[in-house]
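Below, each chain spelled out in residue letters.
There are 2 protein chains.
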Amino acid sequence: MKKKTIKVGLLGFGTVGSGTYRMLTTNANTISYTTGVSIEVSKILVRDLSKKREISAPAALFTDQPDDILKNPDIDIVVEVLGGVHPAFDYMEEAIKAGKHVVTANKAVIAKDGPYLTNLALEHKVALRYEASVAGGVPILNALSTSLQANEFTEITGIVNGTTNYILTQMAENDMDYETALKQAQSMGFAEADPTGDVEGFDAVNKLSILISTAFGLRVAPEDIPREGITNITKEDIICAKQFGFTIKLLAQARRYRNTLECHVQPAMVPLDHPLATVKNEFNAVFAKGNALDNVMLYGKGAGAMPTGSAVVGDLLEIARAYAVGTADKTIPTAVNDNVNLKFDGEGQNMYYINLLAEDMTGVLGKIATTFGDYGIAVKSFVQNTASKQSGRYVPLIYILGETTRERLNDALEEISKFTFVKEIKSVISVAALD
Amino acid sequence: MKKKTIKVGLLGFGTVGSGTYRMLTTNANTISYTTGVSIEVSKILVRDLSKKREISAPAALFTDQPDDILKNPDIDIVVEVLGGVHPAFDYMEEAIKAGKHVVTANKAVIAKDGPYLTNLALEHKVALRYEASVAGGVPILNALSTSLQANEFTEITGIVNGTTNYILTQMAENDMDYETALKQAQSMGFAEADPTGDVEGFDAVNKLSILISTAFGLRVAPEDIPREGITNITKEDIICAKQFGFTIKLLAQARRYRNTLECHVQPAMVPLDHPLATVKNEFNAVFAKGNALDNVMLYGKGAGAMPTGSAVVGDLLEIARAYAVGTADKTIPTAVNDNVNLKFDGEGQNMYYINLLAEDMTGVLGKIATTFGDYGIAVKSFVQNTASKQSGRYVPLIYILGETTRERLNDALEEISKFTFVKEIKSVISVAALD
Chain A
1 MKKKTIKVGL LGFGTVGSGT YRMLTTNANT ISYTTGVSIE VSKILVRDLS
51 KKREISAPAA LFTDQPDDIL KNPDIDIVVE VLGGVHPAFD YMEEAIKAGK
101 HVVTANKAVI AKDGPYLTNL ALEHKVALRY EASVAGGVPI LNALSTSLQA
151 NEFTEITGIV NGTTNYILTQ MAENDMDYET ALKQAQSMGF AEADPTGDVE
201 GFDAVNKLSI LISTAFGLRV APEDIPREGI TNITKEDIIC AKQFGFTIKL
251 LAQARRYRNT LECHVQPAMV PLDHPLATVK NEFNAVFAKG NALDNVMLYG
301 KGAGAMPTGS AVVGDLLEIA RAYAVGTADK TIPTAVNDNV NLKFDGEGQN
351 MYYINLLAED MTGVLGKIAT TFGDYGIAVK SFVQNTASKQ SGRYVPLIYI
401 LGETTRERLN DALEEISKFT FVKEIKSVIS VAALD
Chain B
1 MKKKTIKVGL LGFGTVGSGT YRMLTTNANT ISYTTGVSIE VSKILVRDLS
51 KKREISAPAA LFTDQPDDIL KNPDIDIVVE VLGGVHPAFD YMEEAIKAGK
101 HVVTANKAVI AKDGPYLTNL ALEHKVALRY EASVAGGVPI LNALSTSLQA
151 NEFTEITGIV NGTTNYILTQ MAENDMDYET ALKQAQSMGF AEADPTGDVE
201 GFDAVNKLSI LISTAFGLRV APEDIPREGI TNITKEDIIC AKQFGFTIKL
251 LAQARRYRNT LECHVQPAMV PLDHPLATVK NEFNAVFAKG NALDNVMLYG
301 KGAGAMPTGS AVVGDLLEIA RAYAVGTADK TIPTAVNDNV NLKFDGEGQN
351 MYYINLLAED MTGVLGKIAT TFGDYGIAVK SFVQNTASKQ SGRYVPLIYI
401 LGETTRERLN DALEEISKFT FVKEIKSVIS VAALD
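Sequence order for the protein chains is A and B.
Numbers 1 to 435, taken from the working numbering, label the letters of the first sequence in order.
Numbers 1 to 435, taken from the working numbering, label the letters of the second sequence in order.
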């Protein structure tokens with residue numbers, strides 16, 4: 001069916017919702033010029049009608065009744081920007097069943113129930129789009145599923161959480177410890193009062209699950225993705241990283257080896273001359289490796305009202321343009337999640353950076369090296385960091401180890417920690433496998 | 001019309017053509033799994049049937065008769081990878097008129113006749129796609145016209161020519177002069193025997209014209225874009241750039257100020273901490289600034305059989321997927337080229353880096369500064385480069401000047417060059433306006 005005016009119901013009017021509304025009104029001319037249709041926000045669902053809002057919209061648009069949108073036959077597209085799993089999921093499900101297209105920025109719902117909702121949308125001949133759910137304004141999902149779709153991907157590595165990237169950048173550039181950088185991030189609005197979701201990697205595993213589904217056609221539940229946050233990263237780690245030519249980033253990474261897929265979210269040492277090392281503060285980036293493309297990277301703002309709104313409206317306009325040519329009921333799903341040729345195989349192997357404190361005496365280095373060797377772990381490089389000697393007796397020993405499983409590494413480190421000359425294993429950080 | 005097998009005719013079997021063929025065969029399983037259709041190359045047009053080819057294809061596929069493809073009713077999509085304007089343009093025109101979809105990597109034809117062919121395609125209800133024409137494997141055109149379409153763009157800055165970027169990178173990193181770096185690029189296959197098209201910026205203006213059309217909906221002919229190549233860049237310029245915290249890149253840039261659009265292709269000083277500075281050797285990147293997005297950058301390989309083939313096949317699969325759902329006759333054009341709100345206004349203002357050789361005596365600096373001042377040109381920073389003093393009498397003076405037009409700058413420099421104490425104006429290089 002061709003349409004000249006598309007009616008939109010907004011579920012939520014927080015940061016992303018108001019950004020979306022602002023974009024649709026600010027860029028209305030450009031939008032109707034490029035798409036050939038007008039977009040009209042008909043209703044906005046909010047919890048509290050009396051709340052004062054920074055961005056104004058006509059009072060008549062607001063409602064606190066979900067059914068004013070979900071059961072409204074005039075509304076073509078529902079934009080879900082509530083966040084959280086419930087009631088967001090339920091509203092999306094209901095909207096799809098009512099034959100409405102859905103655009104969402106909700107990584108939690110898409111990571112959890114994206115495949116179910118995608119199939120439901122196909123069945124009801126509506127579109128389900130969620131570009132904004134991963135890396136905000138960075139158009140990675142659309143790129144993976146359209147322009148780059150001819151590739152068989154072998155690697156996806158992303159900096160997909162702006163909060164942790166801001167904290168790590170501030171620690172590295174302004175010589176801060178984790179707590180100070182976190183407080184600054186909170187005061188700048190880049191971190192929430194309870195930062196757990198970001199700093200422990202929960203946000204990133206959701207996004208990685210969506211990226212895996214899009215790039216590899218495989219469903220890996222967020223809770224199955226090996227996850228490690230940044231709360232243990234110290235100022236000393238960051239300084240040592242620099243000495244070795246690295247910077248520390250929280251990476252969400254998936255790698256394919258033949259028919260297996262390995263993935264994890266973890267802090268990792270990234271070589272300073274790698275494009276991902278230049279991604280600073282609240283910026284996000286996703287780096288992909290395909291069998292034709294070689295390397296490609298998309299970089300931009302991962303959060304915020306307008307960058308995320310840009311992605312939401314981009315999705316909205318794709319649906320609007322389909323209305324303009326009469327193909328809105330024939331949508332193409334972003335991800336197909338039943339790649340039978342691929343099996344999820346846990347975290348896989350990684351290189352590691354180890355910082356341990358040991359007595360400054362002969363025989364120590366040999367015993368440690370022998371233990372790593374016993375576990376089949378190669379020592380790639382080693383520095384006795386006498387410069388940062390912290391007490392008379394102990395000296396930090398920094399190792400870069402060759403590829404090994406986390407399990408084998410832990411076994412080796414357990415044995416090493418039993419040596420009486422070892423005071424403490426201070427840091428264990430992966431070294432990114434990147435080209 | 002829904003189809004299960006899409007038949008493709010390839011016009012050309014050079015680097016990109018054979019890369020496209022290889023991808024379609026190598027990734028055939030992935031393709032039919034993600035798109036729901038099979039793609040079959042039915043015919044390949046070549047000039048010389050007897051030529052030995054590195055990539056083999058069944059002999060029966062090859063033809064030297066264009067009509068075997070253009071007049072073949074079984075062929076759904078024509079992929080044009082011949083390069084050059086004629087006969088590529090004529091074949092594309094004929095294919096569109098015959099109701100065939102067209103995918104092309106041809107920047108020359110699209111820069112020159114993209115708007116005409118786009119309208120022709122709309123009229124004949126077929127798709128015309130050309131992602132590969134700009135920055136090879138970097139999916140910038142699709143991103144600008146889909147995911148990012150909600151933005152009003154204010155700036156597009158690209159490193160879109162791999163040859164010149166390779167040469168400039170080698171000069172900067174391995175302390176080479178231009179001629180040596182060019183020879184190395186030629187021996188590596190990154191530059192042609194006659195490098196004019198690349199090093200003088202002709203290739204880049206074609207790509208910039210396409211980017212402008214896609215991002216701003218404005219048609220600016222390649223020959224109207226102010227253009228300067230890299231042949232005058234010296235080793236000394238690159239060393240000086242480093243001292244000021246810059247690297248030199250050949251930038252294709254378009255900037256919008258209210259209702260005017262300024263653009264140029266020219267070598268420019270790029271701050272070392274800007275993402276574009278990290279784009280090295282044969283890599284390309286396009287940096288865009290939109291009113292919602294803020295900054296976004298897409299980075300990847302700009303040329304070569306497989307990266308360009310990846311873009312061609314990506315376009316092909318978008319059409320194939322439309323066949324799979326029966327919407328192939330309802331295409332949405334990438335660019336609409338009649339933005340009445342925007343006017344092309346030449347090169348605009350730039351900051352500049354100037355290196356001039358003057359006598360080492362009092363009064364010189366004052367007279368030069370006064371002359372710049374007379375023309376309303378601010379001196380942003382200045383270094384008397386005594387370290388690289390080249391003869392007893394003369395010393396290089398390095399200026400970074402504030403924004404000015406090229407015309408006004410030339411007038412000021414002409415007056416300065418008349419001073420008897422000025423021996424030579426050695427370099428005039430723009431300083432990129434970037435955030």
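Source of the hints: derived by calculation from the structure; they are not laboratory data.
It cannot be assumed that every hint is accurate.
From the structure, some residues in chain B lie toward chain A, with a derived Cβ separation under 10 Å [as the list claims (entries may be wrong)]:
no., residue
1, TYR33
2, GLU236
3, ILE238
4, ILE239
5, ASP273
6, LYS280
7, GLY376
8, ALA378
Here are some chain B residues the structure puts well away from chain A; computed CB gaps all over 12 Å [unchecked claim]:
no., residue
9, LYS2
10, THR5
11, ARG22
12, PHE153
13, LYS301
14, ILE400
15, GLY402
16, GLU424
Some but not every residue of chain B turned toward chain A, in silico, with C-beta under 10 Å [to be verified]:
no., residue
17, LEU49
18, GLY83
19, PRO87
20, LEU141
21, SER145
22, THR180
23, PHE287
24, PRO307
25, THR331
26, ILE332
27, ILE416
28, SER417
For every residue, glycine included, the Cβ atom is placed at its ideal position computed from N, Cα and C.
Here is how each hint holds up against the structure:
Taken as an interface hint, B:TYR33 checks out: its beta carbon lies about 7 Å from the nearest beta carbon of chain A, inside 10 Å. The beta carbon of B:GLU236 comes no nearer than 25 Å to any beta carbon in chain A, farther than 10 Å, and the hint placing it at the interface is violated. Below 10 Å, beta-carbon pairs count as interface contacts, and B:ILE238 has none with chain A, the closest being about 18 Å; its hint is therefore violated. Taking 10 Å as the C-beta contact cut-off toward chain A, the hint placing B:ILE239 at the interface is violated, the least distance being around 20 Å.
Against a cut-off of 10 Å between C-beta atoms, the interface hint on B:ASP273 holds, since the closest Cβ of chain A lies about 8 Å away. Annotation: B:LYS280 was flagged as interfacial toward chain A, and the flag holds, the nearest CB pair being 8 Å apart, inside 10 Å. At a threshold of 10 Å, the smallest CB-CB gap from B:GLY376 to chain A is about 34 Å, leaving the interface hint violated. At a threshold of 10 Å, the smallest CB-CB gap from B:ALA378 to chain A is about 29 Å, leaving the interface hint violated.
The Cβ of B:LYS2 does not lie farther than 12 Å from every Cβ of chain A; its closest approach is about 10 Å, which violates its non-interface assignment. For B:THR5, the requirement that its beta carbon stay farther than 12 Å from each beta carbon of chain A is met, with the minimum near 17 Å. Against the 12 Å criterion, B:ARG22 falls within the reach of chain A, whose nearest CB is about 8 Å from its own CB. At roughly 9 Å, the least C-beta separation between B:PHE153 and chain A is not larger than 12 Å, which violates its mark as non-interface.
At the 12 Å boundary, the C-beta of B:LYS301 falls inside the reach of chain A, the nearest C-beta of that chain being 5 Å off. Chain A leaves B:ILE400 outside its interface by the beta-carbon criterion, the shortest separation being 23 Å against a cut-off of 12 Å. Chain A leaves B:GLY402 outside its interface by the beta-carbon criterion, the shortest separation being 27 Å against a cut-off of 12 Å. With a cut of 12 Å on Cβ distances, B:GLU424 stays outside the contact zone with chain A, its closest approach being about 36 Å.
Given hint, B:LEU49 at the interface with chain A, is violated; its Cβ is 27 Å from that chain's nearest Cβ, farther than 10 Å. Below 10 Å, beta-carbon pairs count as interface contacts, and B:GLY83 has none with chain A, the closest being about 19 Å; its hint is therefore violated. Taken as an interface hint, B:PRO87 does not check out: its beta carbon lies about 27 Å from the nearest beta carbon of chain A, beyond 10 Å. Residue-level restraint check for B:LEU141 holds (minimum Cβ-Cβ distance to chain A is 8 Å; threshold 10 Å).
Checking B:SER145 against chain A: minimum C-beta separation of about 8 Å stays under 10 Å; hint holds. The interface hint given for B:THR180 is violated, since its Cβ lies 23 Å from the closest Cβ of chain A, which is over the 10 Å cut-off. Below 10 Å, beta-carbon pairs count as interface contacts, and B:PHE287 has one with chain A at about 9 Å; its hint therefore holds. Because the beta carbon of B:PRO307 sits about 6 Å from the nearest beta carbon in chain A, less than 10 Å, this interface hint is met.
Hint status for B:THR331: holds, given a least beta-carbon distance of 8 Å to chain A, under 10 Å. Using the Cβ-Cβ criterion of 10 Å, the hint placing B:ILE332 at the interface with chain A is satisfied: the shortest such distance is roughly 5 Å. Because the smallest distance between the Cβ of B:ILE416 and any Cβ of chain A comes to about 38 Å, over 10 Å, the interface hint for this residue is violated. The beta carbon of B:SER417 is not positioned within 10 Å of any beta carbon in chain A (closest approach about 39 Å), and the interface hint is therefore violated.
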